[in-house]
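S.K.: If you want the building blocks of each chain, they are given just below.
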Amino acid sequence: MIYDVLVIGGGPAGYKAAERAGHKGMSVCLFEGRSLGGVCLNEGCVPTKTLLYSAKIFDYANGGGDHYGVTVTGAKIDHAAVVARKDKVVKMLVSGVAMQMKGAKVNVVKAQAKVLGKDASGITVEANGEKFVGKKLIIASGSVAAVPPIPGLKEAVASGDALTNREILALTEAPKKLIVLGGGVIGLEMASYFNSIGTEVVVVEMMDRIGGPTDIEMSEMLRDIYAKRGVKFMLKTKAVAVKGSALTVENAEGTSELKADKILVAIGRRANTADMGYENIGLFMERGAVKTDDQMKTNVSDVYAVGDVNGKSMLAHTAYREAEVAVNVINGENDTMDYSAIPAVIYTNPEVSSVGETEETAKNKGLKYRTVKMPLLFSGRYIAENEGGNGFIKLILDQDDIVIGACIIGNPGSEMIFGLAMAITRKLNCAEISKVVFPHPTVGEVFRDAALAQVK
Amino acid sequence: MADFILMPQMGVSEESALLSEWKVKEGDVIKLEQPIFALETGKSSFEELAKYEGTVLKILVPAGEEVAVGAPVAVIGKPGEQFAAPGAAPAAVEAAPAAAPAPAAVPAPAAAPVAGNEDVNFILMPQMGVSEESALLSEWKVKEGDVIKLEQPIFALETGKSSFEELAKYEGTLLKILVQPGEEVAVGAPVAVVGKPGASFTVPGAAPAAVSAPAAAPAAAVAAPVATVAAASAVAGDVCASPRAKKLAAELGLDISQAIPTGPEGRIIERDVKTLKAAAPAAVVAAPVAATAPAVAPAAAVAAPAAAAEYTEEKISRIRKVIADNMHKSLAEMAQLTLNRTFDATAILEMRKQMKNAPELGLDKVTINDLVLYAVAKTLVEFPDINANFIGDTMRRFTHAQLGVAIDTPKGLLVPVLRDADTMSLKAISAAVKDYAAAAKDGSLGADKMQGGSFTVTNLGNLGIESFTPIINPPQTAILGVCGTMLRPRQKADGSVEFYQAMGLSLTFDHRVVDGAPAAKFLKAVADKLEKFNLILAL
Amino acid sequence: MPKSQFIDPAEIRKPGVVDLGKIELNQYKKSFAEEKKLYGKDALLGIYQDMQFIREFETMLFQVRTQKHYNGIDYLYTGPAHLYTGEEAQAVGMAYNLTKDDMIFGSHRSHGEVLAKGFNAIRNLPEKELMNIMESFFGGDLLRVVEKYNKSGNVRDLALDYLLYGFMAELFGRANGFTRGLGNSMHVFFLPFGIYPNNAIVGGSAGISVGAALYKKVNKKPGMVVCNCGDGAMARGPVWEALNFASMDQYFKLWDKEFKGGLPVIFHCINNGYGMGGQTRGETMAYDIAARIGSGVRPDALHAERIDGYDPLAVIDAFKRKREILAKNEGPVFLETVTYRYVGHSATDSSSYRTQEEIEAWREQDSIAAFRAKLVKGKIAGDDAFEGFNADIKERITRIMKLAIDEQISPRIDPANEPDAMRKYMLSNEHVEKFDDRKPDVTMPLEENSNLKKIQGKKRFGYDENGKEVSKLMAYNVRDALFEAIINKFYTDPTLIAFGEDNRDWGGAYGVYRGLTEAIPYHRFFNAPISESAIVAAACGYALCGGRAIPELMYCDFLGCAGDEVFNQLSKWQAMSAGVLKMPVVLRVSVGAKYGAQHAQDWTSLCAHIPGLKVCFPATPYDAKGLMNAALSGTDPVVFFESQKLYDTAELFHEGGVPEGYYEVAIGEPDVKRVGSDLTILSIGATLYPAMKAAKEMSEKYGIETEVIDARSLVPFNYDKLIESVKKTGRLLLISDACERGSFLNDVAANVTRMAFDYLDAPPVVVGAPNSISPCPELESFYYPQASWVLDAVNEAILPLPGYTSQMNFTRVEKLRRAKLGI
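Chains as they are written, first to last, in this note's numbering: chain A, 1 to 456; chain B, 457 to 995; chain C, 996 to 1818.
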């Protein structure tokens, strides 16, 4: 048979695309060589959240509750049990995805797919030695952890001294000392977890900041908070060599060697395009990622690329939306992807959430903007639940007082950020936001207060 | 299965052609490529060859007629086969095969014969300019019973821009004049019937719809056979706007046509959509009072009996959509309450009579409505909460009366604003309203003319309405409906009863910001002024 | 302008006469006995077979072109067929003594030369080398086909099949052709056998051959270059330019001892009496005897003589003697070989311009028949043997032809399934630091260079610590940037040469090369004659041999003088060779100003239109150095535009100034020079500055923040940044000094409109020079786009500026009016 749509990859981009296409009545075949759910479900977003939640409970029990008049003695955290629970959660979600695929009548082929070519009948893909033909192809082959060409690192990964996000989540015994190579989202979340459970953590970062492109003020506040909790940050520091689990670094102070039990490689991710046969259809790639337009079309007609593989945003929620756009476009609906309001969260404690422009990006783009900053202490709820907390919200407004960017440091920022994303997407100005009734008492009220303060 | 022979497209720009001669007759068996009729365009003559084989079942268009390109001119099929002529009586519908060249989709010629009208031709109101939608039939040059020759002048017509004479396109006896001189007729609507003496015919559509001069005339007047009137539906493409502006408007769910263009070449650009978004709803063009006008014409006027379908669907116009939205919004958001009362109209009727007899003063065109507007304007400045807009939590009270006047147009209701009406003379008000009415009808009324009103007057009086509930045009706080006059008895001081002309007034106000008593006081003040109209002329 | 040579009025004004000396005509007189002794039986029979091969090959082509079949095989050939029939003897004679180091270049009528040189190579190369060539060329694709059908076990026999197959496959447009079927009949060549490009432009090979000879001389490579061209080509200016370029006095008088002497090239004028239908002697030419041309070029008359091209042995003899002249560095040589073609100029020529008697007269003296008769008479072989040769040749050609026309065995390239099949060869995009590892010839250590030292004293950023502009003389400028990049490459790549008008002592017309003369010897850096065609063609020939060259055109306007060389040669050979050739040439072109209609035009768009060229136009010192470095490390022809308005311009954008060390700016990446949110301006070249000025004014007066993007390169061009910017601002104005009609910017505008349509708040507007001549300097503000024009265009067509009154007219109606008038 000739499928309406072939989907390569069963991660958030792939399964969402398959599910949407299936529900629209298309015949769909999805290829996944590993486990459905992709990095997000198996090795990324969700498993880390289970770990971090355990850590949060432990933090409260382990002295963190004192401020609130709750004292617990003898609190312990069992890393192996935490990992076991994580596995249970992952299993449940993965089987949920499988059910979704079934519900959408998607044929799931559990094998790595390779693109063979394209002709008048469609695109041919090979998996398990069998050929499949589809009128459309959605590429969602995701990304893999980038392992930089640092001498010795490859060997260390092979020997298990160095780990990527995949391996560290399977670690049943907590290392006593952990070097985190890369102060981005993955690095910080894992640093946070292991810091909570008592591991000595050093974060080595090449840039002068942690948290990647997030708001610089938040980045610095987060670093202060974790530095106080004992995480050591080495900024503007370059990793130059790995030997076993020892790392040689170089910075302004010179070269030194750091010793640890494990090294976590969290330097970034790169699109997974190797050995996929993409060259057989002449797919255009830039810096290893498949180039797409805002309808997720590639340079080859009938071939779409969604999720990490197009290198645009590398976030699961971006992938979901991209998948929808691709399927809608395939279905003849007019839909385009808007990257202006993609929320990003670092699930540390406190959470750092952001969406849209930061001060830095707005400035670099030459936008006419102004910044409004308001402490979360304006919220009674925040005071009640965040003893000693000093979080804030920051809005980036354009000349018409329309929100074009926002960020929050503080809990539960991750649950509030969508509201700010809505404001950006719908181009709401402060006056309009201030007309919305927010529930009281909530932390989110600060958002409204910040907006209201701008209305003359 | 019957096939329709259609008028072919002979050139890129031809829209119609003259069917000059039939080479076959009904009942003939025709072969492929056989000449079936001759036609002429402005540029040349042609012969149309048969594309189907079969028997000529019916010739739909007699020789000598101009037929729109794509319109059916004959039917070919098996002898005795049932077929549905385009626009035929519903009875024939069931025979219309799906694969037939979908007659419903074919733009039927303006003169598409109505069943039973084979022997007659309808003279239609011609299109005199690209943008004209109707014209005034000013004079008949022939009368019923006259025998008409080709090219003979048959009537005179006027558009907003010029006057023309229509020449006869058909020969025959003028059987019936459908439209009287002085009536405004939609383009393409039949105005007379020509044919053999004694021929029977059915007039397509309702009685030829006349648009009479008064502003508040029923909108139904312009209804015309569906086949001849282009729908005034508005799509975004009508609007000159940048792609970016269109995109933004679509994202924000705004009607881009409401934006005021500030871009080059009159283009709506992004900032105009932003302005539109930021603007108070007052910026929106149309007034919700439309709902109260009988713009929704009786079915009889809209129905197109010639069509086989039992109903027709047509995208509502842009203006209509705005009206619909605003009306709903107005009712949904405000606490509206209507007060009704009458006043003694003797004074203004007398005044009107005197003025009518004073053309030398240029007052003969002043209407009752003008007198009401004058009085209302003078009253408004005394009631700041009624001469006001209510925006968010702010009352915007106007120094002068910014008086909205509801004007009915074929496309819907428009409400231009008389600026500082309280400072205007009666004559000036009258002239301004006439200018607005004309502009509203020909579509030249700019959006800026319709913004910033503080109060609105709408008049249904000449339609015999006794009282009604006008709907406020937000963010205004009130609206006055003017009703018709009726004879009312009244006891005189001496106990005797007399009848006088009482005119109704219906004031709807927003009870959120105006209380009942002040509203009633306002209404009373208006009534008082109208009853002593000659005195207020001094104000 | 060397100071070492004195133009002495006493000598110049002295009376006297020029003795042009004698030019010999057809003086070959060896007896058959001498010849038999000289060559031996096998060689003589070989000469016969080579000629017969050529004749049969052309017969085949003629038949499939005109009669759609050959020897019982049906095939329709629709391509060009400029046949060699009648001219075989001189080709075989020409090639007879050439070695694999000798290169031949040819014309549209060169099938015979390709075959003759090929036969010669097959006969003379070691078998192992032959096998290596066949195995490595195109990964052995061609070899695999012929191997399957040739089981002789004889490498030379196999190689013969290989040559015929590669050639025929090329003719018939097959992927197994020597240039993948992309070159075709008039462009066949095969480098491993020393067969260099044949050229469909009459005389096109002359300048390229000179460049190849220059390559041999400068890089001390063995061998010589034969430029085969026709008598018709002698009417072409570029051929005369090439003759002079190859023979300049400076080789003899100024170049270092080891490089002294004219270039090792033989201009071989194959005179068949006609240039297409024009009879050269008697009608279209003035020379009477083509060999006379030599006398007009050099005192040694280029050792010219006329050879009887109907006697292969006479031609062999002449080439042998001339090669000795070249070996003594006394070249170049001009040879006229008389011959005759029996068939028309091409398959559609009915020979209406000549009589049948004339053709018959030549046929009666047919070189192959005569040579055969001579051999029969000299008892080298009997008639039977010749009939046998002929039959074998026909059989072999038939056999190979079957392979070459078989759709399965010899398919065409497949653009349907490989969309880039043709495009992919247009640019090679390689990065080569140097083309040879030997030590570059220079005359002093780099750090001692006087200009470099001077530059080192300059401020490398145009603003000082307080944000004040550095004075012009103290600031590092575009000229310095180009100099740094170029001199650095001279010290890195030993093959690099640079030449152009007034390059050396003058220091380049605009001073870019000041200080280069003291460091670089003549043979790497010299003044070219005022011969734009030869300048570009020589660079082209130099590069396709494997060296890197920087030719220079003093003014953009002179691109027309080198039109063929830039638009047909430089740009096309990489693709016509299916990627076999590389073209590492950086053609420096200065865009003038102040010099009126023929010295002040921006013709970047012309170059951008031609596929196969990279086009750069930097506007700042940082970009100039980075782009020049990139251009000088690539393998593609780069037309490098430099604005005369900007040579003195300091670096005002790149904070930290222009790095002293080596860096590259990728060709094709535009650069955001100013960020903004309301309007995007894309500028090319010098218009960056009026664009910046306009941006400043719009910001100050109207609060409009403009993003200014400097295109830097036209081809390639990465649209990503531009699209991203337009998505942000919604408005695009494009500006360049090129005349607006046909400006490359219209292309960009159309592409942006397509790629960001929904984001546009106004149509992209192109601001260029009026479609007029460039005027006198006083009127230039009405010709080159000014900052005020930007405001005018914005106000009229993009975003009305409150209270602004336009000076220049950008209305739609005006545009219509001008278009209608053609102005």
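Since the hints were made in silico from the structure, they are not lab data.
A portion of the hints provided could be inaccurate.
[What the hints assert, rightly or not] Below, simulated DMTMM-like cross-link-like pairs (lysine to aspartate or glutamate); rule was C-alpha separation at most 25 angstroms, straight line: (1) B:Lys702 - A:Glu387; (2) A:Lys456 - B:Glu789; (3) A:Lys368 - C:Asp1295; (4) A:Lys368 - A:Glu385; (5) C:Lys1696 - A:Glu387; (6) A:Lys118 - C:Glu1692; (7) B:Lys883 - B:Asp849; (8) A:Lys368 - C:Asp1715; (9) B:Lys702 - C:Glu1700; (10) C:Lys1723 - A:Asp78; (11) C:Lys1722 - A:Asp294; (12) A:Lys88 - A:Asp66; (13) A:Lys427 - B:Glu509; (14) B:Lys821 - B:Glu707; (15) C:Lys1024 - C:Asp1295; (16) A:Lys363 - C:Glu1775; (17) B:Lys702 - A:Asp78; (18) C:Lys1723 - B:Asp711; (19) A:Lys24 - A:Asp401; (20) A:Lys232 - A:Asp338; (21) C:Lys1723 - B:Glu509; (22) B:Lys702 - A:Glu220.
S.K.: Each hint needs a verdict: does it hold in this structure or not?
M.R.: Results for each hint:
{"no.": "1", "hint": "B:Lys702 - A:Glu387", "result": "violated (49 angstroms)"}
{"no.": "2", "hint": "A:Lys456 - B:Glu789", "result": "holds (24 angstroms)"}
{"no.": "3", "hint": "A:Lys368 - C:Asp1295", "result": "violated (75 angstroms)"}
{"no.": "4", "hint": "A:Lys368 - A:Glu385", "result": "violated (36 angstroms)"}
{"no.": "5", "hint": "C:Lys1696 - A:Glu387", "result": "violated (51 angstroms)"}
{"no.": "6", "hint": "A:Lys118 - C:Glu1692", "result": "violated (53 angstroms)"}
{"no.": "7", "hint": "B:Lys883 - B:Asp849", "result": "violated (38 angstroms)"}
{"no.": "8", "hint": "A:Lys368 - C:Asp1715", "result": "holds (22 angstroms)"}
{"no.": "9", "hint": "B:Lys702 - C:Glu1700", "result": "holds (23 angstroms)"}
{"no.": "10", "hint": "C:Lys1723 - A:Asp78", "result": "violated (51 angstroms)"}
{"no.": "11", "hint": "C:Lys1722 - A:Asp294", "result": "holds (12 angstroms)"}
{"no.": "12", "hint": "A:Lys88 - A:Asp66", "result": "violated (31 angstroms)"}
{"no.": "13", "hint": "A:Lys427 - B:Glu509", "result": "violated (63 angstroms)"}
{"no.": "14", "hint": "B:Lys821 - B:Glu707", "result": "violated (48 angstroms)"}
{"no.": "15", "hint": "C:Lys1024 - C:Asp1295", "result": "holds (23 angstroms)"}
{"no.": "16", "hint": "A:Lys363 - C:Glu1775", "result": "violated (37 angstroms)"}
{"no.": "17", "hint": "B:Lys702 - A:Asp78", "result": "violated (58 angstroms)"}
{"no.": "18", "hint": "C:Lys1723 - B:Asp711", "result": "holds (23 angstroms)"}
{"no.": "19", "hint": "A:Lys24 - A:Asp401", "result": "violated (39 angstroms)"}
{"no.": "20", "hint": "A:Lys232 - A:Asp338", "result": "violated (38 angstroms)"}
{"no.": "21", "hint": "C:Lys1723 - B:Glu509", "result": "violated (62 angstroms)"}
{"no.": "22", "hint": "B:Lys702 - A:Glu220", "result": "violated (42 angstroms)"}
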